[in-house]
Amino acid sequence: QSVVTQPPSASGTPGQRVTISCSGSSSNIGSNPVNWYQQLPGTAPKLLIYSNNQRPSGVADRFSGSKSGTSASLAISGLQSEDEADYYCAAWDNRFNGPYVFGTGTKVTVL
Amino acid sequence: QVRLVQSGAELKNPGASVKVTCKASGYTFTGYYLHWVRQAPGQGLEWMAWINPKNGDTNYAQKFRDRVTLTRDTSITTGYMELSRLRSDDTAVYFCARGGYDSLSGHYTVFDYWGQGTLVAISP
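Protein chains in written order, with my numbering: chain Z, 1 to 111; chain S, 1 to 124.
If you're looking for bench data, these hints aren't it; they were derived computationally from the structure.
Wrong hints could be hidden among the right ones.
Taking lysine-lysine pairs in the DSSO-like style, the calculated list, with each CA pair at most 30 Å apart, reads [claimed, not checked]:
#, chain 1, residue 1, chain 2, residue 2
1, S, Lys63, S, Lys12
2, Z, Lys46, S, Lys23
3, S, Lys63, Z, Lys107
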């Protein structure tokens, strides 16, 4: 069981804005930057956001990340059908010099 | 271009060991950490361990500390993950991922490139 929790699902119609929350603790999100990964069905995860709010080159600016205290969030604006995927937040945990903890994951459905 | 190519699927008996390879290309192998992450069927992502290819230093999640061994061969830019004493709940897809440096944390935990995954199935 992950110590970082996300809602199991989120949904929206094309063009809508969807927000995914990520709740951790002082030893992980509260102390370290958060990354977000997108996993399309049957594929490897892809880095979406790093260092709380930075987008790698090639990632659409529809995706944005933020962090406050022990929580973080990912926003997808202008939702598109190809955004239907699983999304995971993640952060290093300082308790035992690790582990790197992934959130429980959120399935985004485009209605 | 950066590529991480993993070895093929494995079918193992309980109690056996498996060794998964991750061949890196397109970047300086010793400049980034190599992490291993697994995903059981229908489940989320679980971090297992990292290795620093430059000096061979490793860090294992407590859960895997007595069963996982990470090694690397810098001459062929390849990392290895060996999991021993396999159990049925080790059935999963195992990914290697390149860990880039995060200046905010000081850790090499920006997983910017991933291998395609290796299915390891445990069945008697």
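Verification of the supplied hints:
no., hint, result
1, S:Lys63 to S:Lys12, "21 Å, holds"
2, Z:Lys46 to S:Lys23, "18 Å, holds"
3, S:Lys63 to Z:Lys107, "26 Å, holds"
The structure meets every hint from the earlier list without exception.
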